[in-house]
Amino acid sequence: MTLVSHTAELATPRTPLPTPAPEPAEAPSRQPRRVWAKVWPGLLAVALAVAAWQIVFWTGWKPDYVLPSPGEVGAELLAFLGEPKFWQALGNTLARAVLGFALALLIGTVLGIAVSASGVLRAAIGSMLTGLQTMPSIAWFPFAILLFGLTENAITFVVVLGAAPSIANGLISGIDDVPPPLLQTAKVLGAKGFTIYRYVILPSALLTYVAGLKQGWAFAWRSLMAGELLVIIASKPSLGVQLQYYREFANAPALLAIMIVVLVLGTVFDGLFSKLTEIVRRNRGLGATRL
Amino acid sequence: MSAGVALTVENVTKVFGGHGQRTTALSQVSLKVADGDFVCLLGRSGCGKSTLLSLLAGLTQPTSGSVDTHGHRVGMMFQDANLFPWLTVSGNIELALRLSGVPRQSWRDRVAELLEIVQLPQAGDKRPHELSGGMRQRVALARSLAQDCRILLMDEPFAALDAITRDGMHEHIERIWIERGITVVFVTHNVREAARLSNRVVVMSPSPGRIVDDVAIALPRPRRMEDAAVAEQSGILHQLMDLHDTASALERLAS
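Residue numbers (numbering that gives the first Met the number 0), protein chains in the order written: chain W, 0 to 290; chain G, 0 to 254.
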């Protein structure tokens, strides 16, 4: 006990920091401190970005109505939180993202297993999958609009095309990289056919698969934003529609506020996938992943 | 020792590679192992001893000749424990039970019993990476025993362990072999290890891989690595291997 309090004392800075004192509710226990250690680099990055923005604003490089100050955008963002229309737009966008990603997950997984199991399929569409991955998804939209019109389906189609190849490729390389000794062991233990997939190959491929999911999500999110800007469905508010709308009305503070929402959502989901990767890695004794 | 035969190898030849580079890993190998015996396959690297073991495990097929394990269940251990890293120790053993068709309700008792046998009763919830090399091999041993195998093939399973841990593993495997009455075929390039463990040493020689000698080790058990008799036996085996090397070299010169 004495040792613990002693080290805690050492860790406390002797001189008070020039920042405002934390609220008294935050007792100096270990848990908040550890959270703080994780959070402060992110906050610092945000603070630096906001500071740079503020400085550019002060130089008067662009007029106020084109490049508003961080404070003005922040106020706009806060105002959004009270508007039902904003939440409706957010809900629609997230619903599309989840639906598109779920479909991509299903298609990518089935495709990944099929390609890794069959030499013919691998020769036929293995390299095509990588090609699709490098294709900017926005290039699909004109064709998708021809196929489906200005509908939900056009957006979903492109989101799936954007995300599924990454998911499939993640699974394929995971399956290809199953260590041969583990396969031999599985065979000696009597696993074959489906059981070897179910109990050895797929669990072994999980780590790379999760990395594929993370990349797939990033592609899905980008495709979705492109889609919402191009395929505007009048009856359905969405983050992309809001962006377009505020640009048309030259409402720069609102435009930037929506951009911040898009950025934050992307970061949050990316963080969730990183967390998932970290859990899988830790279970296998692979240590913490970077980022 | 019972009169039954655990496994039979007849005139087995194994050739690797295609049209260009062909290597004969095994040439005309024949071997009978009695039920309940402890046999070491001893030889330098490249003599085909691991290839012979893979053939016995059914991991590869002979180019010609036949391998028969007479319907016995065969388990195998490798130099690395090859535990599945995404499963706990118990999970690894349970997977072996599942793949052997053992009903789920008896898994818990079987896992506890097997961990008791390898003297790791507390390790069930651990992950493979949390164990030492020796402990991992003991879990791999428990996993092999979970298959209820009659024949246990071991491919230099203790070669990567330090001397003290290896001595401990020798005691474990000797005790389990005596208690369970299984047949063990143990591959090693360590002469002393062969003398320490086996009833019978099959000496192999490289290029092409073949059996050149077959020596009975009739020492009392339990043995210890530092027993004078074990040291003496390994001295004899050493000289024997040197003799066969010289003979092979002369043969090559003559042809």
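Hints are computed from structural coordinates only; laboratory data are not their basis. It is possible that some hints are incorrect.
[Stated by the list, open to error] Here are the simulated lysine to any residue pairs, SDA-like style, with alpha carbons at most 20 Å apart:
no.: 1; chain 1: W; residue 1: Lys191; chain 2: G; residue 2: Ala159
no.: 2; chain 1: W; residue 1: Lys191; chain 2: W; residue 2: Val209
no.: 3; chain 1: W; residue 1: Lys186; chain 2: G; residue 2: Val66
no.: 4; chain 1: W; residue 1: Lys186; chain 2: G; residue 2: Ala248
no.: 5; chain 1: W; residue 1: Lys235; chain 2: W; residue 2: Pro178
no.: 6; chain 1: W; residue 1: Lys191; chain 2: G; residue 2: Thr59
[Said to hold, decoys possible] Derived contacts from chain W toward chain G, CB cut-off under 8 Å, selection only:
no.: 7; residue: Trp39
no.: 8; residue: Gly41
no.: 9; residue: Thr184
no.: 10; residue: Lys186
no.: 11; residue: Leu188
no.: 12; residue: Gly192
no.: 13; residue: Val199
no.: 14; residue: Pro202
no.: 15; residue: Leu205
no.: 16; residue: Thr207
no.: 17; residue: Val209
no.: 18; residue: Thr266
no.: 19; residue: Asn282
Beta carbons: idealized from backbone N, C-alpha and C, even for Gly.
Hint-by-hint comparison with the structure:
Proposed proximity of W/Lys191 and G/Ala159 is contradicted: the alpha carbons are some 29 Å apart, above 20 Å. For the suggested pair W/Lys191 and W/Val209, the alpha carbons sit about 25 Å apart, so the restraint of at most 20 Å is broken. About 17 Å separates the Cα atoms of W/Lys186 and G/Val66, which keeps this hinted pair within 20 Å; it holds. At roughly 39 Å between alpha-carbon atoms, W/Lys186 and G/Ala248 are farther apart than 20 Å, so this suggested pair is violated.
Between W/Lys235 and W/Pro178 the alpha-carbon distance is near 49 Å, which puts this suggested pair outside the 20 Å criterion. Straight-line distance between C-alpha atoms of W/Lys191 and G/Thr59 comes to about 15 Å, which keeps the hinted pair within the 20 Å bound. Taken as an interface hint, W/Trp39 does not check out: its beta carbon lies about 31 Å from the nearest beta carbon of chain G, beyond 8 Å. Here the hint on W/Gly41 is broken, as its CB sits about 30 Å from the closest CB of chain G, past 8 Å.
Look at W/Thr184: its Cβ gets to within about 4 Å of chain G, closer than 8 Å, so that hint holds up. A cut of 8 Å between beta carbons decides the hint on W/Lys186: the least distance to chain G is about 6 Å, and the hint holds. For the restraint placing W/Leu188 at the interface with chain G, the shortest Cβ-Cβ distance is roughly 5 Å, inside the 8 Å limit, so the hint holds. A hinted interface residue such as W/Gly192 counts as satisfied when its beta carbon comes closer than 8 Å to some beta carbon of chain G; here the least separation is about 12 Å, so the hint is violated.
Using the Cβ-Cβ criterion of 8 Å, the hint placing W/Val199 at the interface with chain G is satisfied: the shortest such distance is roughly 7 Å. Annotation: W/Pro202 was flagged as interfacial toward chain G, and the flag holds, the nearest CB pair being 5 Å apart, inside 8 Å. Taking 8 Å as the C-beta contact cut-off toward chain G, the hint placing W/Leu205 at the interface holds, the least distance being around 7 Å. The interface hint given for W/Thr207 is violated, since its Cβ lies 13 Å from the closest Cβ of chain G, which is over the 8 Å cut-off.
A least Cβ separation of about 12 Å between W/Val209 and chain G goes past the 8 Å threshold, and the interface hint is therefore violated. Taking 8 Å as the C-beta cut-off, the interface hint given for W/Thr266 is violated, the closest approach to chain G being about 28 Å. Hint status for W/Asn282: holds, given a least beta-carbon distance of 6 Å to chain G, under 8 Å.
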